[in-house]
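Could you build all of it, start to finish, from the sequences and the hints given here?
Protein chains in written order, with our numbering: chain W, 1 to 253; chain H, 1 to 321.
Treat the hints with care, as some may be off.
One-sided and incomplete, this derived list gives chain H residues near chain W with beta-carbon spacing under 7 Å [unchecked claim]:
| # | residue |
| --- | --- |
| 1 | 154 |
| 2 | 157 |
| 3 | 163 |
| 4 | 169 |
| 5 | 178 |
| 6 | 183 |
For the record, the hints were derived by calculation from the structure and aren't laboratory data.
No experiment lies behind these values; they were computed from the predicted model shown.
Beta carbons: idealized from backbone N, C-alpha and C, even for Gly.
One-letter residues, chain by chain:
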Amino acid sequence: MSAMLSVQNLTRTFGGLVAVNDVSFCVEEGEIFGLIGPNGAGKTTLFNLVTGLTPVTSGRQFYRDTETTRMKPHQIAALGIARTFQNIRLFGSLSALDNVMIAQHLHTRAGVFDGVLSTPRARSEERHVYDYSMTLLEKVNLASRAHQEARSFPYGDQRRLEIARALALQPKLLLLDEPGAGMNPNEKAELSDFIRHVHEEFDLTIVLIEHNVPMVMGLCDRIAVLNFGVLIALGTPSAVQNDPAVIEAYLGD
Amino acid sequence: MEGFITTYGFLMVTMTLQAMLALSLYLPLMAGQLSLASPGFYALGGFVAAVMSKSVFGFTNQQVFPLPLVFVEMAVAAAICAVVAILIGVPALRLRGIYLALATIAFVEVVRVVALNLEITGQAIGIFGVPQPFSRSFDYMALTLPMLLLAIFFVYRLERSRVGRAFSALREDELAAAAMGINPTRYKVLAFVMGAVLAGIVGVVNAHLLNTWNTRQGTFDVAILVLAYVIIGGSRTFLGPVAGGLLLTALPEVLRAAAGIQGLPAPVAQFLQDGRLIIFGVLIAVGTLFFPQGLITPRMFRRWRAAHPQPAAARRKEAQA
Chain W
1 MSAMLSVQNL TRTFGGLVAV NDVSFCVEEG EIFGLIGPNG AGKTTLFNLV
51 TGLTPVTSGR QFYRDTETTR MKPHQIAALG IARTFQNIRL FGSLSALDNV
101 MIAQHLHTRA GVFDGVLSTP RARSEERHVY DYSMTLLEKV NLASRAHQEA
151 RSFPYGDQRR LEIARALALQ PKLLLLDEPG AGMNPNEKAE LSDFIRHVHE
201 EFDLTIVLIE HNVPMVMGLC DRIAVLNFGV LIALGTPSAV QNDPAVIEAY
251 LGD
Chain H
1 MEGFITTYGF LMVTMTLQAM LALSLYLPLM AGQLSLASPG FYALGGFVAA
51 VMSKSVFGFT NQQVFPLPLV FVEMAVAAAI CAVVAILIGV PALRLRGIYL
101 ALATIAFVEV VRVVALNLEI TGQAIGIFGV PQPFSRSFDY MALTLPMLLL
151 AIFFVYRLER SRVGRAFSAL REDELAAAAM GINPTRYKVL AFVMGAVLAG
201 IVGVVNAHLL NTWNTRQGTF DVAILVLAYV IIGGSRTFLG PVAGGLLLTA
251 LPEVLRAAAG IQGLPAPVAQ FLQDGRLIIF GVLIAVGTLF FPQGLITPRM
301 FRRWRAAHPQ PAAARRKEAQ A
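Below you can see the structure in the form of structure tokens.
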């Protein structure tokens, strides 16, 4: 299996509602993979399954060769999968810097006594965490406001801070849940450039949920289309764009 | 001065102990867990000290109890509390918010009822004549003040460390914290255990200070009182619980002293004397209304920091420390 992420017959039900219905696909290493579909199609639920926040009802999922079907969120994060949230879930009353520092938890080791006694190990760790956090904040142009409360940031800045926080995990696979939500076309274009840049610089595989069709078409190598929890199309942007099932799902008949 | 120490020595020591008890509730709160289990562990620690000093070490009320043995008791109480905290913490911390509070109150009751029925804890009578390491109450300050300072230092440094950051991430948003690779169960139990250990150690000292220990120590009332320390003092920084514990413990005695001032009209003096619990209750109600975040808030520090800007280098150093 050379795929970075593969889901096989993945299903999740909430009571009588089948939110994700028998979905199978693979995400190849290094690609930018788009996940689109109308509202309520199950895109975010799929992200929640992949990151372990919602338990899988049936089916299996793998990260490289590791089965992640029954893993807890923090175990999946430890494999190198990071995400952002559709409804922004920053640590609101903490500073931007703290938000990014927290996400380096997995790459540090200091325990209670290291921290309290400020041992050389803890100090050098803290120095690295601080430096790397500031580097990341500089990349999203928030370094000058590193000490401000995260919730005091404008919406767009919170989105970028969330991406910086996800990058702080040093992931291999980054899941972005509607990073462009609520942005105007100019901002979306900027965001596309930023995502492309991050993809290059951090050598990432990216899966992204997005409503904006031009943005997805321009950015993604391949696209999966969900409708009512079912995968209705999968392929290159141009192929998906001309797929009758997709046109029907988006425009109705 | 001598008269002051004789009158208020006991009160001053109690203030430091109550401040530590407030910190023991604040520790799980750092990770967002509202646990009221502290009095249960406090009671447990007291029984460990009472039983060990009398039955294990065989000291009587007439003898001076050696201080090193108090530390031995502390270690034993800490170990017992840690084990019990892990055993009840792993299942209980699956509950959230008010449900965790209820479950931990149940634990406090269980400890009380068990102690009420066990031979070794003296049943309803309790354990009398717990030997004392100091002859005067005030002398306990030599023990409790350094303990309080140590506890403050511990929490202060913890808040600024990797583990402390994991705690605050859990307090802010448990799901997002888990997605950032923080193991919620592990850190919630860790915070809970640290609170339990601190409460147990406070119980050890208090059993010696009180000279006796029974099931009226560490009850539901104490849980509410300690919660009041944290709510009134402020639950967002470690200084809040410390201030709350010190002030609210002193308050009834301050009111009692105020009642003794010469020239007060008799009804006023009477009210200050007998109605001090009413005043206490009103202050708690008014305090929560007008200072919903408590007396001491992180915003105060931020304002102070804004008024005293530090050079970037110093701030950088601070972030590393």
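Structure-based check of each hint:
1. 154: 5 Å, holds
2. 157: 4 Å, holds
3. 163: 5 Å, holds
4. 169: 5 Å, holds
5. 178: Holds - the Cβ of residue 178 of chain H comes within 7 Å of chain W, reaching about 4 Å at its closest.
6. 183: 5 Å, holds
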